[in-house]
Amino acid sequence: MSLLDYFRSTKKNTASTAKERLQIIVAHERKRRSGPDYLPQLERDILEVIRKYVDIPADQVAVSLEQRGDELSVLELNITFPDEKR
Amino acid sequence: MAKIIVVTSGKGGVGKTTSSAAIGTGLALAGKKTVIVDFDIGLRNLDLIMGCERRVVYDFVNVINGEANLKQTLIKDKRVDNLFILPASQTRDKDALTKEGVERVLNELSAEFDFIICDSPAGIESGAMMALYFADEAVVVTNPEVSSVRDSDRILGMLSSKSRRAEQGLEGIKEHLLLTRYNPERVIKGEMLSVEDVKEILAIELVGVIPESQAVLNASNSGQPVILDEESDAGQAYLDTVKRLLGEAVPFRFLTVEKKGFIKRLFGG
Ligand SMILES: Nc1ncnc2c1ncn2[C@@H]1O[C@H](COP(=O)(O)OP(=O)(O)O)[C@@H](O)[C@H]1O
Ligand SMILES: [Mg+2]
Numbered sequence: 001m002s003l004l005d006y007f008r009s010t011k012k013n014t015a016s017t018a019k020e021r022l023q024i025i026v027a028h029e030r031k032r033r034s035g036p037d038y039l040p041q042l043e044r045d046i047l048e049v050i051r052k053y054v055d056i057p058a059d060q061v062a063v064s065l066e067q068r069g070d071e072l073s074v075l076e077l078n079i080t081f082p083d084e085k086r
Numbered sequence: 001m002a003k004i005i006v007v008t009s010g011k012g013g014v015g016k017t018t019s020s021a022a023i024g025t026g027l028a029l030a031g032k033k034t035v036i037v038d039f040d041i042g043l044r045n046l047d048l049i050m051g052c053e054r055r056v057v058y059d060f061v062n063v064i065n066g067e068a069n070l071k072q073t074l075i076k077d078k079r080v081d082n083l084f085i086l087p088a089s090q091t092r093d094k095d096a097l098t099k100e101g102v103e104r105v106l107n108e109l110s111a112e113f114d115f116i117i118c119d120s121p122a123g124i125e126s127g128a129m130m131a132l133y134f135a136d137e138a139v140v141v142t143n144p145e146v147s148s149v150r151d152s153d154r155i156l157g158m159l160s161s162k163s164r165r166a167e168q169g170l171e172g173i174k175e176h177l178l179l180t181r182y183n184p185e186r187v188i189k190g191e192m193l194s195v196e197d198v199k200e201i202l203a204i205e206l207v208g209v210i211p212e213s214q215a216v217l218n219a220s221n222s223g224q225p226v227i228l229d230e231e232s233d234a235g236q237a238y239l240d241t242v243k244r245l246l247g248e249a250v251p252f253r254f255l256t257v258e259k260k261g262f263i264k265r266l267f268g269g
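Chains as they are written, first to last, in the UniProt record's numbering: chain Z, 1 to 86; chain A, 1 to 269.
Just to be clear, a hint being listed does not mean it is correct.
Listed next, the in silico DSS-like pairs over lysine-lysine satisfying Cα-Cα at most 27 angstroms (straight line) [said to hold, decoys possible]:
#1 A/K32 with A/K94
#2 A/K33 with A/K78
#3 A/K189 with A/K162
#4 A/K76 with Z/K31
#5 A/K189 with Z/K19
#6 A/K76 with A/K189
#7 A/K189 with A/K99
#8 A/K78 with A/K99
#9 A/K174 with Z/K31
#10 A/K33 with A/K3
#11 A/K189 with A/K243
#12 A/K76 with A/K199
#13 A/K162 with A/K3
#14 A/K71 with A/K11
#15 A/K99 with A/K11
#16 A/K162 with A/K199
#17 A/K71 with A/K32
#18 Z/K19 with A/K33
#19 A/K243 with A/K3
#20 A/K33 with A/K76
#21 A/K199 with Z/K31
#22 A/K199 with Z/K19
#23 Z/K19 with A/K71
#24 A/K162 with Z/K31
Computed footprint of chain Z on chain A, listed as stretches where at least three residues anywhere in the stretch have a Cβ under 8 angstroms from a Cβ of chain Z [to be verified]:
#25 111 to 124
#26 141 to 152
Label-pair restraints from in silico Cβ distances [stated by the list, open to error]:
#27 A/S161 with Z/S64: 25 to 31 angstroms
#28 Z/A27 with A/I124: 17 to 23 angstroms
#29 Z/S64 with A/F252: 50 to 56 angstroms
#30 A/G247 with Z/D83: 24 to 30 angstroms
#31 Z/R68 with A/I124: 29 to 35 angstroms
#32 A/V250 with Z/L47: 32 to 38 angstroms
#33 Z/P36 with A/I124: 16 to 22 angstroms
No lab work stands behind these hints: they were computed from the structure. Backbone N, C-alpha and C define an ideal beta-carbon position, used for all residues, glycine too.
This is chain Z alone, in the form it adopts within the complex (with noise of 0.2 angstroms):
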């Protein structure tokens, strides 16, 4: 290894962040399009409910509809819950 490579591999790399980011949103987004278009509002509501329960940030609450063959679709709800009780 060279010595710009010792230097290039201790600083961090935006670029690899940026790439990571990128890939995480585009797949959201494009799920998103290729849902109907309640499921944004869906997925809000549903952040609203469970909110008066528990206090969780919004990127905690994933809600995907996928189609599996042509006779079922899956509604799937991914909720990640705080770790500390209240």
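We have chain Z already, so just place chain A with the ligands on it with the hints.
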């Protein structure tokens, strides 16, 4: 029947007009009868980049409203044969372009030309929609930077759902990625997304990589599309891009740092 190519991006200032001017000029240089249409209503700029701003008499909206015909309105380029410009209007009325009006003008152009290049405004509002609606192919201009890549992906969504081809169930718009303002030095330092990164995220075919170049500013200063500056890196990268659009397989250039600097030679980069 002309092939209609929209040059689009979502985000502003990424190089749509620069690319429209270069690609349109390059197609004409290749012998294709080409018209570049400025869809940026209210913010006419293609005329400046093409160096014909003093020759604008009528504009796109005049033609749509029947106040002038195409013959009176099209500006013939003085340097390159087979090249014409249809300038945008400076009206503040954002709804000056109607789908019916645009379709009528494009049909009329289609009978005369081989290629129609549509220089899209920024955004995802009606102007940008109008520019992409009738397209057969799309050049998605993207900078290696987070907001530009994300906006490009949104435009890809529009191309596949809001276009005429999508609505009529025809074969989809052919999508090309054009990465512009690329700086290999910064990519090596890990400060800028690489060609591979952007290709992987957007997952569409790469048609060109245009380096960040002083030649682009020089070109716009003097009203010469940069592709006419054949000595320059950006000019050559656009020439390659046009060849690829015409179906030729051309290796990519300007992806690496050309000369090793003193420090890099010392440390072995
Ligand atoms: N490859 C490049 N290198 C350097 N500057 C560029 C390059 N491409 C575009 N620019 C500059 O970026 C700015 C925006 O370009 P423009 O083509 O007007 O973008 P858009 O039409 O997408 O708004 C202009 O100042 C232009 O000179
Ligand atoms: Mg522009």
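Each hint tested on the structure:
no. : hint                                  : in the structure
1   : A/K32 with A/K94                      : violated (32 angstroms)
2   : A/K33 with A/K78                      : holds (14 angstroms)
3   : A/K189 with A/K162                    : violated (39 angstroms)
4   : A/K76 with Z/K31                      : violated (45 angstroms)
5   : A/K189 with Z/K19                     : holds (15 angstroms)
6   : A/K76 with A/K189                     : violated (45 angstroms)
7   : A/K189 with A/K99                     : violated (46 angstroms)
8   : A/K78 with A/K99                      : violated (31 angstroms)
9   : A/K174 with Z/K31                     : holds (21 angstroms)
10  : A/K33 with A/K3                       : holds (11 angstroms)
11  : A/K189 with A/K243                    : violated (31 angstroms)
12  : A/K76 with A/K199                     : violated (36 angstroms)
13  : A/K162 with A/K3                      : holds (19 angstroms)
14  : A/K71 with A/K11                      : violated (33 angstroms)
15  : A/K99 with A/K11                      : holds (23 angstroms)
16  : A/K162 with A/K199                    : holds (23 angstroms)
17  : A/K71 with A/K32                      : holds (19 angstroms)
18  : Z/K19 with A/K33                      : violated (40 angstroms)
19  : A/K243 with A/K3                      : holds (15 angstroms)
20  : A/K33 with A/K76                      : holds (11 angstroms)
21  : A/K199 with Z/K31                     : holds (19 angstroms)
22  : A/K199 with Z/K19                     : holds (11 angstroms)
23  : Z/K19 with A/K71                      : violated (48 angstroms)
24  : A/K162 with Z/K31                     : holds (17 angstroms)
25  : 111 to 124                            : violated (count 0)
26  : 141 to 152                            : holds (count 4)
27  : A/S161 with Z/S64: 25 to 31 angstroms : violated (19 angstroms)
28  : Z/A27 with A/I124: 17 to 23 angstroms : holds (19 angstroms)
29  : Z/S64 with A/F252: 50 to 56 angstroms : violated (37 angstroms)
30  : A/G247 with Z/D83: 24 to 30 angstroms : violated (57 angstroms)
31  : Z/R68 with A/I124: 29 to 35 angstroms : holds (31 angstroms)
32  : A/V250 with Z/L47: 32 to 38 angstroms : violated (50 angstroms)
33  : Z/P36 with A/I124: 16 to 22 angstroms : holds (20 angstroms)
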